[in-house]
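Chains as they are written, first to last, in the numbering used here: chain A, 1 to 287; chain B, 1001 to 1333; chain C, 2001 to 2328.
Think of the hints as simulated: they come from the structure by calculation, not from any bench.
There could be a bad hint or two in this list.
[Stated by the list, open to error] What the simulated footprint calls covered on chain C by chain A, stretch by stretch (three residues with Cβ under 8 angstroms from a Cβ of chain A suffice, anywhere in the stretch; the number is not a length): (1) 2062-2075; (2) 2178-2186; (3) 2196-2205; (4) 2223-2231.
Just so it is clear, the structure is predicted and the values come from calculations on it, not from any experiment.
Just so you know, even glycine gets a beta-carbon here, dropped at the ideal spot from N, CA and C.
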Amino acid sequence: MIRRRWTRSRLAEAVAKGLMIASFVVVTGSLGLILWTVIVRGLPALTWDMISQSPKGGYYMGKAGGVLNAIIGSLYLAGGGTLLALIVGLPMALYLETYLGDSEWGRYVRLSLDVLWGIPSIVYGAFGFTLMLAIGLRASLLAGIIVLALLELPIMVRAMDEVIRLMPLDLEQAALALGSTKLEVALRVVTRQMLPGIVTAILLGFGRGIGDAASVLFTAGYTDRIPTSLLRPTASLPLAVFFQLATPYPAVQERGYASALILTIIVLIISLGSRLISGRLNRYTIK
Amino acid sequence: MGDQEKAFGIKGLDKREDRPKGRPSVAVRLKQDQNARRAFSIIAVLPVFLIAIITVALVVRAWPIIGTHTLKDTVFGVVWKPEQGSFGFWPFITGTAWVTAVAMLLAILPCLLVSLYLSEYAHSAMRSAAKPVLDLLAAIPPVVYGVWGLLAIVPFVQNTLEPFSKRWLKGIPILAVNQPTGFGILAGGIVLAVMVAPFIISVLYEIFSTVPDDLRHASLAVGATRWQTIRNVVIPKVLPGIVAGIVLGASRALGETIAVLMVVGNVVKVPTSVFDAAYPLPALIANNYGDMMSIPLYDAALLGAALVLLVVILIFNVISTLVLQRLLGRRWT
Amino acid sequence: MWTKTSLLFSISIAFSLLLSACGGAAVSPQGQAPAAGTDQLNGTITVSGAFALYPMMTVWADEFTKLHPAVQFDVQGGGAGKGMTDTLAGAVDIGMISRTIKPAEEAQGAFWIAVAKDAVFPIVSAKNPMLAELTAKGMSQETFKKIFVTGEIKTWGQVIGKPEATDEIHVYTRSDSCGAADQWALFSGGKAQADLLGIGVNGEPALVDTVGKDPLGIGYSNLNSVFDSSTGKTVPGAVVPPMDINGNGTVEANEYYQTTDEAVKVVADGTYPSPPARFENLATKGKPKGIVLAFLNWILTDGQQSLEQAGYVKLTAAQQAESLAKLK
Chain A
1 MIRRRWTRSR LAEAVAKGLM IASFVVVTGS LGLILWTVIV RGLPALTWDM ISQSPKGGYY
61 MGKAGGVLNA IIGSLYLAGG GTLLALIVGL PMALYLETYL GDSEWGRYVR LSLDVLWGIP
121 SIVYGAFGFT LMLAIGLRAS LLAGIIVLAL LELPIMVRAM DEVIRLMPLD LEQAALALGS
181 TKLEVALRVV TRQMLPGIVT AILLGFGRGI GDAASVLFTA GYTDRIPTSL LRPTASLPLA
241 VFFQLATPYP AVQERGYASA LILTIIVLII SLGSRLISGR LNRYTIK
Chain B
1001 MGDQEKAFGI KGLDKREDRP KGRPSVAVRL KQDQNARRAF SIIAVLPVFL IAIITVALVV
1061 RAWPIIGTHT LKDTVFGVVW KPEQGSFGFW PFITGTAWVT AVAMLLAILP CLLVSLYLSE
1121 YAHSAMRSAA KPVLDLLAAI PPVVYGVWGL LAIVPFVQNT LEPFSKRWLK GIPILAVNQP
1181 TGFGILAGGI VLAVMVAPFI ISVLYEIFST VPDDLRHASL AVGATRWQTI RNVVIPKVLP
1241 GIVAGIVLGA SRALGETIAV LMVVGNVVKV PTSVFDAAYP LPALIANNYG DMMSIPLYDA
1301 ALLGAALVLL VVILIFNVIS TLVLQRLLGR RWT
Chain C
2001 MWTKTSLLFS ISIAFSLLLS ACGGAAVSPQ GQAPAAGTDQ LNGTITVSGA FALYPMMTVW
2061 ADEFTKLHPA VQFDVQGGGA GKGMTDTLAG AVDIGMISRT IKPAEEAQGA FWIAVAKDAV
2121 FPIVSAKNPM LAELTAKGMS QETFKKIFVT GEIKTWGQVI GKPEATDEIH VYTRSDSCGA
2181 ADQWALFSGG KAQADLLGIG VNGEPALVDT VGKDPLGIGY SNLNSVFDSS TGKTVPGAVV
2241 PPMDINGNGT VEANEYYQTT DEAVKVVADG TYPSPPARFE NLATKGKPKG IVLAFLNWIL
2301 TDGQQSLEQA GYVKLTAAQQ AESLAKLK
């Protein structure tokens, strides 16, 4: 009897383990599948023209041009949004940790940040749209930057907060013992210590911002030219992909796939880059 | 009296020689600290008010339709004809519910298994290999997921799954194939499942990590297999956390717009089968924002849809976040 | 801290490089310098509106800029509704409207001219089992009404008059809000897009693709989605069923369209009914002046040459004159 129970539970274990490994393969395999699909369909249409030219007349019917407008537009949008989010988020994270700590307000703020993190980008886009109407701003680079900053803020603050919390308390206390004000501790000691964290947060936010379509749909507009002013609409890569796929011309659809590939490559570079950089910058932190 | 003396009321402070040149005095530094404190405190409590501001803004914009249409006509109404003033959201609400449900049903078991594997079985080499994979999956932009869905999943549904269901699963109404395009709830659910998987896996992994190893060792010591340990010790201990993680994943799935929009078919119809095309709320908002200002009450309707989405997601989020915060003690990545 | 500074330094270098690169690109002239002393047109023209006209507008913008390098364009899509809203709000100079302008819009100051003609054609799959009979018999407006709006005709057998053939008709329509659907609805006896029955497919390419793949499918789409402008024939997989336009029960030569040229001809000379043929309009707030006026004048004269290449239909001489007169 005991022997039978043994084999049954061992069998259950083997089955469970098998299922687990199968699930693991499926999940990791889908990454490969996604990249493979995008590369196979996008690479053939990825020419030098695609990344070095804006759409010329007739681009949407198959003629010459590229998506440089969207590439630059996306870089501006995400760059501006990340910068704005950093300017607001870094003080927020510093204050959260240095002054609020685990107090009641601190918990409220952290809960709010988590909730904000979960709000989908379409709601941010809709909110941005109402904001735009209220202050009379038209669909423009600026509007897109503001909405992206809102979107990226919770992500970046969370990431920075995580890193600040890991900071050894001794450092802060040593600085205070030497006579620093809390502000100086924040600006000189904490920022330096969490530099890898700040960079990670920046890259995380940037990666999120550059890939998002729903929020810029309402707010950034679209144009075939490279943006030269904050108050003009701007193209973005996700929307470029979307619009090119919606045309009836197979040649243009292929270019849509190539644009998706460009976007994926940018995001991959950022993702891998953030690992490398934070590894390097760890040299300057005190463990 | 110099400012040092003023600040501390001790004579002779300003004449001290050992203060480094160019360094502001203590009083100045203290003043800076105070100012920064005030400025930063305003910034820091912004998140709390931001949620309120977003909600209020959407309510204000959606008010015209809330005032003039009954709940029966809007939330439960089935007729969507904006030019004629009918704004029945029910097809969109059910569309959203179906796609999310399919996505979660597809995702829960594999995500649970993978996170259990990573937390209970895998050695650290495997874990460090899995982390970049999951991070990359999470970083891929939604529009690229949509392209993948278009190129790989829709044909798969159309050419493999639909004929299969037509031939072998004919009697089951929920699997009835009513339209042959491959765009539909199932395609949307598959893409969505892959999109939320990395998130759910990392949350569940964090949750399982909170279970003290002693418990596991105790269970193994009395002769249980690892799987029995998982079933009888680990999982029951953190069951609320698992549920919270899944609910959080569902709220992410609810809000995903672009990827789903590209494969779900976008047809205004209350779904009856997973192979039906559907029109989730986010897709409704995204597809029609251009017409918003040209049809009366359309903007109120669409922003009202955004409001509904926001409220549901807020409820899911707040509850599961509270549960998870309590379990994890700190927050999760 | 030198890494922080070097990081900031490299970021600012990259940014300024980017700025100068794009600044250069935006300012560099397109085409040759204009003949000395003839060109005084400069400024920016902003356009938004229907996706149906969008590709054509980008062609026109490009060609106009070649003639007048100091004029720049900003063209957005967003749909006819957005175009009208933006124009009336003064957010853009020109709105692309792929439908007739409503009186309410004119009352708010909308001024419009027709600049091109476009048409929606029905499509069926090239693999339709009853294609031969369909081609012989043709499909009348009444038939389309019963398929797309009332739903009385449900099988292909009913269409060709052989009720024993019970192959269902798979009706497809556009699920996204578009002018093509509105036009088709008007032709088929309905009032608007929402009146059309059928499985909604999002986007024109998807609709054509779906109908092509489904032997029993029927749908509709714009001229330049059905007819491939490079081959001059219908896209592989889809055909336009002969339309019994005059309802006499037989298919005449001008009711069966297999090439782009045939289709364009019947739309241009008016044989093809309107709807589903329609005028593509451009709207401005009040009468246009300055560079906008010059641009519109050019579209109605030299600009018409580019239309057919792009799969649109030129205005007839009379229609051109009418639009030009409006502009004076």
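Query raised in the report: Honestly, which of those hints from before does the structure not fit?
Result: Number 2 only.
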